[in-house]
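Visitor: These are the residues of each chain, in order.
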Amino acid sequence: MTALLPWLVAAWLLGIGLYGIVTSSNYIHLIGCLNVVQSATYVILLCVGYRWNAGPPIFDPQPPGTPAVDPVVQALVLTDIVIGATVSALLLALAVQLHKRKGTLDPEALRPMR
Amino acid sequence: MTRTARLLLFAVAVLVLAPAGVVVAMNMPAFGSHELPYGDAVNSTIPAARHISNMVSAVNFDVRGLDTLGEEFMLVCAVTGTVVLLRGERGEKLTSHPAQMRGRLNAPRSDALVLTGRLMGPMVLLFGLYVVLHATVTPGGGFQGGVVISSGLLLLYLCEDYQTWRWFMRAGWLDACEGGGALIFVLAGAAPLCFGAHFLQNIMPLGKFRDMLSGGLMQIVNAAVACAVLGGFALVFLEFLEETREPRGDP
Amino acid sequence: MTDLLVPLPIALPLAAAAILLVFAHNWPEGAPDAIAVVVSLAVAAICGLLLPRVAQAPIAYWFGGWQPRHGLTLGIGFVIDQTGALIALFIALLFAATFIFARGYMPEIGTYFQALMLLMMTGMIGFCLTHDLFNMFVWFEVMSVAAFALTAVRLEASALEGALNFTVVNSIGSYLMLGGIGLIYAKVGALDFSALAQGIAKAGANPVVTAAFCLVVIALLIKAAIVPFQFWLSDAHAVAPSPVSVIFSGAMVSVALYGAAKLYRQVFAGDPAVDFAMHHLMLGMGAASAIVGGLMCLWQRHLKRLLAFSTISHVGIMLIGIGLPSAAGTVGMIVYLLGHGLVKASAFMVAGILLATYGGIDELGLRGLARPIWPAGLALALAGLLLAGAPIGLMGQGATLIGSAAASAGDIWAVVAMTLGAALTGGAVLRAAGRIFLGLGPVPGEEEFEPTEREAETRRPFWLMFAPCAVLVLAALTSGGTVARFVHRAAGPFIHPDNAGILQGAAKLTGSGGIAPLPPDPHPLVPWLGLALALGLAAWDLSRQYLPHRLLSLSRMGVAPVWAVLSKAHDGIIGDYVAWMVAGLAVMAAVLALR
Amino acid sequence: MTVLLALLLFLTAATGAGIVFSRDPRRQVLAIAGNGLALTLLFTALQAPDVAFSELAVGTAALPLLFLVALASVRTDRKSDL
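Chains as they are written, first to last, in this note's numbering: chain A, 17 to 130; chain B, 146 to 396; chain C, 6 to 600; chain D, -17 to 64.
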């Protein structure tokens, strides 16, 4: 069970985030839910690179050669975090402007031009 | 679709996907004890090849530097988009006085807050700088340091008055910082081409292992990333704050 | 020398965009436009120089000088074959044409427009050339984020709403892709395409590999707007500024499918579940997109929205090409991608010309108004004929290749679907051309003018806007046979890459042998049937006033229920779109489980 | 160690759900910061100090701040529905 836990948590985050997006009635709330979907990818990637009884991939006190976890996935997650934050900023800017024009943030009350 | 129909569709889909997810999870390699050939190769070759101890920085700025280059420009895209969207019809003019929120007093800041801010702000900035500079040795680097510095600038906003802060935080400067960081990154990548090396190839002197300035080209790339991240996040904060300060007139 | 050229298609536009941004406020008027045109032409020239150099064998270029050692790849490589270079050349030329078309567009946002467009171009080119899965994701994100921002720059409510839906749906797609990358990394421990291909072959049939493929490909299908992931497209393409729509429909959507084809052929091919998914699911989804897009297209009156739905139909046809087991299908898809890009770009340029000249784009509202700019009408009509599947030019060659590959695989229904989809969209475009430029069709009553928001775009000289449009559509018309033969000759390394050579860091990759000769078209009459159907549809709609009432009401009764269902699904509510997306994922999983 | 990781994974799952179920955007800001903190702890336990640092800076500070500011600017707007 423990071995499955990381993957199940990632799947849970993905599912619950999507549920939030599907049911959201406020764009700002929806953007928060999008961040939950994204955190699933952090969990997957970092858990993939984890290794029991290994240190961080930074050989500062310990000498190179000591067992360390995978640095590649960590670099990928760093990239991912920056992407997530900036896309959130962009989405928030869209939501703020939309609110200025339509006075609401409820997706049901707003519809693009037909 | 009505809300119920949508939820029903979603529920049915999740019911189908759940067993598929479990099957995939059961077939995943064992957590924490499977092979990691790529990561191990990095861990075993980089300290000797690049004289640095932070493998994550090595992957970000050297081995997979192209990813970071793309990501930096993605940041530029997102920030540019945010700025264009928020400025919109407001334009880039400085407002001469801090507009205040409708129906709310602009309470004067307490001395304690100003003092804390003035003490904390520079300390946060210094800490950010430290984080940027030690990218190749200890955890941290251009990303983290850039974000820390930009939030330090935000802290200064809390304690200084609006005009001083706005004088200090010019959109033009931040634009230049962001775009300039990105530009330095590309040029740092292209410079080795002049010496017959590959794009982003690290042909600079590498320095001593665990030295603050070890890693050669990585130092430049790291500084460029710090500039771009700092400028980008500060611009986003600035434009969002401007947004709160300007109540719209009646339509 | 060759080595020097490879990073430039990326480095040059990135540097130009950065310089544009650093001096954002100090450019003399017109300079950013000129820089953008020059840079995109320079990138096109570089790709053009690369083409003959990779004719014998592809080039592998390792960024940072991290050549693979002992079969292990550390760094990121670009492996450039003729197909990739050709697509990059096409993208750069399309951007150059668009920059000319857009000269003087949106002075209010200044240099930001050109900078974002250049970054989007870089994202697409990097996406096409890269040989590393995560790097592919990064360039995919660069292109997406630039596209998100560009959709909304006009700041109208509909543009903002369209951009929000676009961003949310596509970001979910990106995160799914990243999850897929995590799964495949767990299983194989590599990110380079060749290393992945070898690792997958070694791992054998495995649900993790299949799941990774599904997740990665879904992101690309979302970007490509394949049914049931297509909803965001019509919201975004209809409201984006015209030059941006040109790029969206002409390149962005189909480039995502090119990525899917590359991933399938170079990484995942051979895994039985993945092969099954490609040859059955993708065919089905492609056929569904062709039909749904075609039907929705026929029912639109907002010209940009009409063209947006026709894009859905045509990417469906491309997906059919990818899904076919034979290499001929993939070759056909690449030819079709080029042809469709040129034709659809020029059609969107006509829409942009109408917006700039008449300030509106409602088909009924513009009836007969655009007679003075008849050359644009000619271009739109020509585009309509080509979209309808006329067996001439690039699109015709591509459609013939895909159709004959489908027929030889025994999937006649796919041929029917693609012919029907093309005919529907072609009919719609021809009808719009006839109504707007010739004043055909019944006179609309007062109540039929729908109030639209301010859409007018900056007025620019007509010939400046029309020249790129005419060049593109003429290129699509005349270059068919040559390009098709070229793509066929070049497809060998695309379909069978030299994985062993790449992984050994070989200085010279072997140019793997060609692929099977293309099958002859078994049904040469089918495209003409489609064309006739398109002309019939257009004629039917434009001569309503002469048709007997009984016939009209009968046809309306037949069509109304389909229209009701489809239009209700395209309701602009983000929650619905995401629910459909999850349902699409569930269908994929179910089909693969019950295989 | 196993127990710690499992606990942190559960914490992440719970705080993630917390974001979704705090339907009031103002309360959601707190949930986002909480989730950021949970992720930071998880990343530290997974031996990823670099990533934990970024998550601390971005997830617990910058991102909630952005949400706060966006909410404030929506509230400044007269036709507010929040």
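No lab work stands behind these hints, which were simulated from the structure alone.
From the three backbone atoms N, C-alpha and C, an ideal C-beta is built for every residue, glycine too.
It is possible that part of the hints are untrue.
Partner residues are not named here, just some residues of chain B that face chain D (Cβ under 10 Å, in silico) [stated by the list, open to error]:
#, residue
1, M171
2, P174
3, G177
4, V292
5, S296
6, T309
7, F313
8, V381
9, F382
10, E387
Visitor: Please check whether T309 (chain B) passes as an interface residue: C-beta within 10 Å of a C-beta belonging to chain D.
Guide: violated, 20 Å
Visitor: Under 10 Å, Cβ to Cβ, is where E387 (chain B) needs to be relative to chain D, so tell me if that hint holds or is violated.
Guide: The hint holds - E387 (chain B) has a Cβ within 10 Å of chain D, the shortest such distance being about 9 Å.
Visitor: Taking 10 Å as the limit, does the beta-carbon of S296 (chain B) come near enough to a beta-carbon in chain D?
Guide: holds, 6 Å
Visitor: With a cut-off of 10 Å on the beta carbons, see whether F313 (chain B) makes it to chain D.
Guide: violated, 19 Å
Visitor: For the hint on M171 (chain B), just tell me whether its beta-carbon gets within less than 10 Å of chain D.
Guide: violated, 17 Å
Visitor: Does the closest beta carbon of chain D sit nearer than 10 Å to the beta carbon of G177 (chain B)?
Guide: With a closest approach of 9 Å, the G177 (chain B) hint holds.
Visitor: Does the nearest C-beta of chain D fall within a distance shorter than 10 Å of the C-beta of F382 (chain B)?
Guide: Given a least distance of 7 Å, the restraint on F382 (chain B) holds.
Visitor: Once the shortest beta carbon distance from P174 (chain B) to chain D is found, is it less than 10 Å?
Guide: violated, 16 Å
Visitor: Under the criterion of a CB-CB separation shorter than 10 Å, is V292 (chain B) in contact with chain D as hinted?
Guide: holds, 4 Å
Visitor: So, V381 (chain B) near chain D? Judge it on the closest CB pair being under 10 Å.
Guide: holds, 7 Å
Hint violations for this structure: numbers 1, 2, 6, 7, all remaining hints satisfied.
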